[in-house]
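A.B. asks: If you read the protein sequences in the order shown, they are chains A and B. Quick note on my numbering: the first sequence kicks off at 1 and runs consecutively. Quick note on my numbering: the second sequence kicks off at 113 and runs consecutively.
Think of the hints as simulated: they come from the structure by calculation, not from any bench. All figures in this text were calculated on a predicted structure; none of them were measured in a lab. Be aware that a few hints might be false.
Reference listing, derived: stretches of chain A covered by chain B, where coverage requires no fewer than 3 residues with Cβ under 8 Å from a Cβ of chain B [as the list claims (entries may be wrong)]:
no.	segment
1	43-57
2	99-112
Distance ranges between label pairs, derived from CB positions [said to hold, decoys possible]:
no.	chain 1	residue 1	chain 2	residue 2	range
3	A	Gln-70	B	Glu-208	25 to 31 Å
4	A	Tyr-39	B	Ser-163	30 to 36 Å
5	A	Glu-5	B	Gly-170	39 to 45 Å
Beta carbons are placed, not taken as given, at the ideal position from N, Cα and C, and that holds for glycine.
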Amino acid sequence: QKEVEQNSGPLSVPEGAIASLNCTYSDRGSQSFFWYRQYSGKSPELIMSIYSNGDKEDGRFTAQLNKASQYVSLLIRDSQPSDSATYLCALSFGGATNKLIFGTGTLLAVQP
Amino acid sequence: KAGVTQTPRYLIKTRGQQVTLSCSPISGHRSVSWYQQTPGQGLQFLFEYFSETQRNKGNFPGRFSGRQFSNSRSEMNVSTLELGDSALYLCASSLEVEDEKLFFGSGTQLSVL
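Same shape as in the complex, but just chain B (with noise of 0.2 Å):
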């Protein structure tokens, strides 16, 4: 069974684009969560999606959002990119929501000049 598969691998951007990340989760999982890491800041959670919809979201401001569809893959979205933006974007999938037990994708190495 293939594993969570994130898109793009690497990413370099310049303050003020935005950015679209993509994430497939394991086939049959239905929930998708994204996570921000830093090597300050460690792991942070920024949303979590179930059935197209928005179950949870971290303490991150309105520039991060993100989205499911109905097959479950799901995108996250950054506008107006900051320098501080800069990080390993992880996307984790679960059977179901409250399955605590998180498959993670390679991520999406973010880097914004």
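So here's chain A without its partners, still in its complex pose (with noise of 0.2 Å):
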């Protein structure tokens, strides 16, 4: 079993709906949660970081976490063609060091 799962889509919504991207991860060891987008042939980037249970907004993002469940999600409202993306699931264990495990990422395509 992979550490961190994602379904590797496409996910195709349309242009103003809300997205829904979800990951699950085995170990219950994991301290921290982590969203990144990356655009075809570019190299990820930071758009979201969940530390506790519960919900955290930025701007149309919304990280939801449940460690009960090992469930991390990214909503995204209102999604725009340049929201189209591969989207990447990652948690760290903490401690003294940055490592981040990976899920393979779920691909979103919003059509205009």
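If you follow the hints, you should be able to join the two separate chains into one complex; please do so.
C.D. replies: What follows is the structure, given as structure tokens:
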């Protein structure tokens, strides 16, 4: 079982809709959780971090964490074609390291 | 402020050769990590450096090595290249080793023929 699981997609949503991206993880020792966005041919870019259970909102993005269910999600409201990218879920275990474990990503396609 | 700079951008090598990739972190960032990205496996952690010391190493063979210099710049080396080493190699920097917010460079696309 992979440590971080994501549906590879593509997830196709119409412009203006809410895109919901999901991620599950296997290790209960995971401390911190991140969402990175990667456009085709570009490097990953951090868009959200979440450390405690509940919701965290930043503009059109909301990250949700449920440690009991080992589940992290990212909601993108009012999706735009410019949001079309691969979204990578990542986690870390804390301590004196910044090593991240990444999922393989979900490809999001926002249709105009 | 300049971002993470990786050189070269593209590299073509043949099996058995060795390669050295370079990474200059964001000014002031002292921690550098390396990741390998392939379509099938996604991003996989290679190693992490802070203050010229390797702090953590991923599950890669000994052919993969790296180092960090006193100015925080880092290099990674792959010896005896195999076809399966073809990948995008990404360097990421952060302020401190406990700082999990990574800033990635554009990567070096390595093709092994």
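A.B. asks: With reference to the structure, classify each hint as holding or not holding.
C.D. replies: For each hint, the structure was consulted:
no.: 1; hint: 43-57; verdict: holds (count 5)
no.: 2; hint: 99-112; verdict: holds (count 7)
no.: 3; hint: A/Gln-70 / B/Glu-208: 25 to 31 Å; verdict: holds (28 Å)
no.: 4; hint: A/Tyr-39 / B/Ser-163: 30 to 36 Å; verdict: holds (33 Å)
no.: 5; hint: A/Glu-5 / B/Gly-170: 39 to 45 Å; verdict: violated (19 Å)
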